[in-house]
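Q: Now for the letters of each chain:
Protein chains: 4
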Amino acid sequence: MIVVMNPHVPQPTIDRVMAEIQRMGGTPHLSRGEFRTVIGAVGEEAKIDQAHLLSLDGVEKVFEIMKPYKLASREFHEDDSVVEIGGGSVPVVKVGGKHAVSMAGPCAVENREMLRTIAGHVRNAGATILRGGVYKPRTSPYSFQGHGEPALKWMRECGDELGMPICVEVMDTRQVETMEQYVDCFQIGARNMQNFDLLREVGKTRRAVLLKRGLAATVKDWLLSAEYVLSQGNRNVILCERGIKTFEDSARYSLDLTSIPVVRQWSHLPIIVDPSHCCGKREWVPAMAAAGMAAGAHGTIIEVHYCPSEAMCDGPQALLPETFVGLMEQLRKIAALVGKEFV
Amino acid sequence: MIVVMNPHVPQPTIDRVMAEIQRMGGTPHLSRGEFRTVIGAVGEEAKIDQAHLLSLDGVEKVFEIMKPYKLASREFHEDDSVVEIGGGSVPVVKVGGKHAVSMAGPCAVENREMLRTIAGHVRNAGATILRGGVYKPRTSPYSFQGHGEPALKWMRECGDELGMPICVEVMDTRQVETMEQYVDCFQIGARNMQNFDLLREVGKTRRAVLLKRGLAATVKDWLLSAEYVLSQGNRNVILCERGIKTFEDSARYSLDLTSIPVVRQWSHLPIIVDPSHCCGKREWVPAMAAAGMAAGAHGTIIEVHYCPSEAMCDGPQALLPETFVGLMEQLRKIAALVGKEFV
Amino acid sequence: MIVVMNPHVPQPTIDRVMAEIQRMGGTPHLSRGEFRTVIGAVGEEAKIDQAHLLSLDGVEKVFEIMKPYKLASREFHEDDSVVEIGGGSVPVVKVGGKHAVSMAGPCAVENREMLRTIAGHVRNAGATILRGGVYKPRTSPYSFQGHGEPALKWMRECGDELGMPICVEVMDTRQVETMEQYVDCFQIGARNMQNFDLLREVGKTRRAVLLKRGLAATVKDWLLSAEYVLSQGNRNVILCERGIKTFEDSARYSLDLTSIPVVRQWSHLPIIVDPSHCCGKREWVPAMAAAGMAAGAHGTIIEVHYCPSEAMCDGPQALLPETFVGLMEQLRKIAALVGKEFV
Amino acid sequence: MIVVMNPHVPQPTIDRVMAEIQRMGGTPHLSRGEFRTVIGAVGEEAKIDQAHLLSLDGVEKVFEIMKPYKLASREFHEDDSVVEIGGGSVPVVKVGGKHAVSMAGPCAVENREMLRTIAGHVRNAGATILRGGVYKPRTSPYSFQGHGEPALKWMRECGDELGMPICVEVMDTRQVETMEQYVDCFQIGARNMQNFDLLREVGKTRRAVLLKRGLAATVKDWLLSAEYVLSQGNRNVILCERGIKTFEDSARYSLDLTSIPVVRQWSHLPIIVDPSHCCGKREWVPAMAAAGMAAGAHGTIIEVHYCPSEAMCDGPQALLPETFVGLMEQLRKIAALVGKEFV
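Protein chains in written order, with my numbering: chain A, 485 to 827; chain B, 485 to 827; chain C, 485 to 827; chain D, 485 to 827.
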């Protein structure tokens with residue numbers, strides 16, 4: 485860490501900062517310029533508290549030299565991680581490295597019949613993981629909130645029937661124990677990316693975790709949230725770019741595809757792209773799915789509904805099954821151009 | 485709601501939209517312009533699903549006419565709400581209308597002694613509610629996470645001793661039952677503003693709820709989150725502006741003080757301002773506290789620490805007790821200018 | 485336009501709004517709901533002043549039904565525009581529809597020799613338009629500001645020699661007359677996207693105009709800026725997505741690729757992508773160029789430098805010539821997948 | 485400047501960076517940690533090109549130690565600057581330090597009569613500078629663009645009559661020469677904050693310059709733009725916070741009042757606040773003006789119109805004269821609380 489002191493600070497103030505660095509286990513290195521004094525804190529950065537240094541008298545700013553996460557960092561794990569989803573009653577699907585994944589399904593599981601129809605469609609088009617919401621995070625308390633455990637059972641049955649691992653959003657720590665019995669992959673939604681208790685709970689399971697990026701999260705914040713899960717012993721984390729909140733109002737969120745090469749440089753974790761929620765309009769979804777794959781994502785998660793106008797939630801962005809078939813064909817070709825393969 | 489159709493849509497497409505409006509309980513009103521057809525959906529807006537309308541063929545956009553929240557809205561509750569915090573072992577403190585509140589205390593409760601010292605300082609300076617974190621939402625899993633239940637007891641003891649109701653952040657639905665026995669006011673942190681299960685749980689209690697604004701939340705999103713609490717029967721909601729995430733990087737977050745007159749126009753709920761977390765530097769805190777009061781806030785929540793350089797977390801923004809004394813004097817004068825009074 | 489009135493407004497207030505709509509040439513349509521009165525203003529929206537309606541007593545909000553731009557809108561020009569750049573001493577290059585373009589060159593023209601070397605490299609790799617800055621918009625007054633007119637001559641010579649039309653940024657209305665003699669395409673930089681006098685001046689010429697998106701501009705703002713140029717009679721406008729300002733700080737700006745399908749739906753104008761300036765790091769540029777093409781862009785504008793560490797400005801994001809060769813190969817394949825062709 | 489190298493870089497790569505620092509006039513200081521090598525570049529930072537260092541092989545990041553502006557910085561000018569506006573035919577008005585200023589007037593000068601009426605109102609309420617637009621930056625080419633030079637003459641006459649210096653927006657370098665004959669203070673609008681040629685031109689005059697903050701500008705960007713003016717020899721720069729572009733959509737822009745204490749810490753230049761344009765609704769303007777003064781601003785610039793519903797532009801945010809009278813009374817009291825005085 486690098487500590488920049490205010491201009492003209494007296495020696496005792498400098499000494500105090502150096503002493504604090506030592507107390508936290510670092511080695512201070514003093515460097516005096518003509519205008520500013522700078523103190524380097526050499527040693528394991530995780531031990532040195534940046535906020536504490538900032539609170540000391542005479543400190544103007546503090547820069548991190550190293551990344552604040554470790555298990556998520558490519559520095560300590562050079563090769564791409566390959567996460568396995570499924571096993572047991574369904575085949576294992578790999579995500580990461582050369583392996584691209586297509587997760588698809590309805591936004592919310594409305595009933596058993598509808599789920600089966602959509603699942604059949606997406607399976608035929610080439611999706612290998614079935615997604616579907618049973619607890620729905622809704623901005624308004626008056627909107628449909630999901631069917632809960634019954635829908636969870638329908639998902640499991642449907643996944644088993646079609647040989648597809650299932651991915652379902654978890655919203656509350658109290659749901660983890662029950663859901664662990666049903667799902668192959670927990671989804672952490674954007675609004676819960678910094679629900680730290682929830683991250684810890686899914687970190688204690690051995691299911692894969694699809695961690696969506698928060699609406700106000702930098703890539704660094706996001707990797708720190710992944711670190712919460714990883715630090716509990718669960719190494720099966722997949723990141724999912726789904727858009728950030730910006731001033732642009734044509735789409736609901738701005739898909740920040742630059743995060744894909746950034747994450748791939750900073751971390752070994754697989755990253756996929758969700759083009760459905762950010763667009764909010766189905767016409768724009770295929771272009772953004774293609775763009776995400778071209779940017780180097782390890783797959784996509786896409787909402788599909790056979791008749792979006794009857795969907796109980798988030799209809800406007802759901803693709804029609806026939807559009808999804810064509811899109812999967814194109815995604816396979818793009819994946820091939822960037823050295824990946826959908827299984 | 486107003487539905488704008490794409491140019492040149494055929495009649496059956498228009499008919500379908502009108503039928504759907506009727507099916508949801510609204511009355512459709514057709515209006516044809518030279519270039520566009522517009523359909524008004526008259527009736528209770530909460531029943532008419534905007535997303536569903538958007539998913540229909542031929543629909544270009546849908547505008548809301550009414551606010552999507554009801555219990556939080558000034559339309560249905562003209563006068564300012566006055567929320568009461570405390571009672572029982574401590575006096576009742578009122579927030580809202582003419583009543584301004586000063587909540588203050590350490591960021592995290594580090595130990596009993598430190599808590600008492602700080603609580604004494606802020607009480608003497610004029611704070612009436614004691615705040616202190618016992619479960620800490622930390623971006624990094626390697627940072628101090630709070631002392632949990634023991635710290636909760638210290639807070640209760642200290643509040644009782646000084647006659648100050650206490651306000652403590654709740655982070656997980658599983659903490660609600662225990663915390664309800666200790667606290668006078670639940671704080672919902674910015675990162676949990678859309679943790680809908682947590683909102684519902686505190687909504688089932690009768691404790692006051694201090695709802696901080698999410699980092700990516702519009703005023704509308706925020707009032708919808710308040711609606712979650714209110715709709716469970718708990719009407720004691722206080723809003724807290726604490727900054728949003730923007731591109732500006734001098735301060736940690738951008739305090740959006742315009743939200744104060746906006747909230748006061750749209751809602752009857754009290755709103756206070758937290759100048760500590762957004763600034764990230766104690767030098768800027770007094771100016772922002774004063775600005776918040778001048779903008780019409782019903783009070784402030786401020787971090788105070790007698791020796792910020794020993795604070796275990798978030799030291800850089802904590803005010804020294806002597807600065808807090810001077811600030812409170814100024815805030816009282818500003819409050820008087822805008823028709824409010826700190827008790 | 486749709487005018488929503490405040491609750492409980494008296495009749496004379498409503499009458500006044502209706503009279504104003506008529507005065508501006510519209511036909512008012514009154515619709516009373518249970519809670520709100522809504523007035524539709526039918527007629528040519530461009531004539532009806534939204535701000536004026538908003539300033540009237542009793543008006544809560546005003547929604548636009550139609551797009552506020554006309555010449556830029558696909559509603560009035562269904563087919564993709566194809567813009568021609570060059571002619572005279574250099575061949576014509578087409579952009580738009582099926583025609584993808586590759587613009588490339590150094591950020592700043594440092595000297596004649598360096599320009600020729602880089603131009604040769606990019607020409608061989610398949611670029612058809614030479615770009616290079618001669619007046620440089622620099623955040624700091626102490627940074628290199630460009631060589632001005634001499635560099636303009638080197639660009640012209642170099643373009644003529646290699647048969648490449650040239651694209652150069654214009655920063656000031658006083659430069660337009662001189663530059664018109666040299667350049668085939670004016671570039672309007674992000675910081676000048678709402679320099680309305682400059683837009684009007686290039687609109688009076690018949691050179692192509694590459695209009696970069698402003699850092700804080702919505703797609704609507706951007707198309708309105710295009711409208712400024714178009715309304716002067718110059719129909720040769722090409723849009724260029726180059727990133728917007730968001731809270732994310734890993735890259736300099738966030739490339740908002742969703743703008744590509746949005747622009748293509750709302751407008752007939754060609755749109756290309758600039759992945760160099762937003763990334764700020766050359767490692768991320770190829771991924772974002774590929775993503776832009778996959779999203780449907782009509783080409784790319786990329787900075788190339790043979791030895792970025794000697795570049796006088798913006799070195800970190802310039803691609804090495806050999807990387808650019810490989811990238812162009814990949815972009816050609818992606819273009820083919822989305823129905824476009826680099827000439 | 486501090487250069488952080490990638491992990492495991494070989495010695496020659498490090499040597500190259502050190503040599504480049506020396507070539508640019510700095511002294512390199514090498515520091516090797518367990519995981520990273522860090523090179524300090526001691527010397528005048530303005531001479532050392534950050535972008536150039538970033539473009540070198542093996543460089544991961546580069547931190548600035550010093551502020552990139554000099555003339556605008558408080559480091560080199562400890563006391564508050566006091567800018568004088570006017571003189572000659574009108575009295576001098578001081579802004580900065582203890583001197584608060586109230587600039588007010590119509591958004592656009594529509595005609596001589598209206599100007600006189602409004603000017604009289606604001607003068608009586610206590611405004612000392614008359615503001616009014618004669619060239620209007622309008623998002624749409626179809627909106628009213630201002631009356632130009634005739635309106636400039638009306639402004640001058642009206643200012644002389646009432647003894648008020650005048651402040652008028654300049655939009656184009658070609659307007660500077662003419663306007664210099666009429667105005668006491670040039671206003672640079674938000675959209676032109678990085679129109680560097682325009683900054684240089686007004687920097688060559690000796691008129692005061694009111695520099696509005698750009699919609700996407702950090703405080704650092706803004707002070708660098710001030711540096712452009714200052715570096716031409718014109719030291720009469722006043723900053724104006726007027727809101728930044730964020731995701732919040734209740735108001736048009738988010739007034740970033742934290743910029744006030746930040747600017748006052750980093751710079752000696754006076755800073756005032758414009759609450760009119762960001763709000764977009766007159767009801768919210770007084771609260772934000774009061775908040776700006778409480779945050780430490782050196783004054784306000786506010787739009788006033790006697791009958792906003794007939795204003796030709798930007799009506800919704802113009803205050804009525806009677807509201808402005810009451811607001812000025814309150815602002816005087818708040819100014820007194822923060823050690824300032826409206827003359």
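Any given hint might turn out to be false.
[Claimed, not checked] Subject to a maximum C-alpha distance of 27 angstroms in a straight line, what follows is the list of computed BS3-like cross-link-like pairs (lysine-lysine):
| # | chain 1 | residue 1 | chain 2 | residue 2 |
| --- | --- | --- | --- | --- |
| 1 | A | K765 | C | K688 |
| 2 | C | K688 | C | K578 |
| 3 | A | K554 | C | K765 |
Since the hints were made in silico from the structure, they are not lab data.
Please read all numbers here as calculations on a predicted model, not as lab measurements.
Q: Could you run down the list of hints and mark each one as holding or not?
A: Comparing the hints with the structure gives:
A threshold of 27 angstroms between alpha carbons decides the hint, and for K765 (chain A) with K688 (chain C) the separation of about 37 angstroms lies outside it, so the pair is violated. Simply put, K688 (chain C) and K578 (chain C) have alpha-carbon atoms about 21 angstroms apart, close enough for the 27 angstroms limit, and the pair holds. A C-alpha spacing of about 23 angstroms is found between K554 (chain A) and K765 (chain C), which places the hinted pair at or below 27 angstroms, so the restraint holds.
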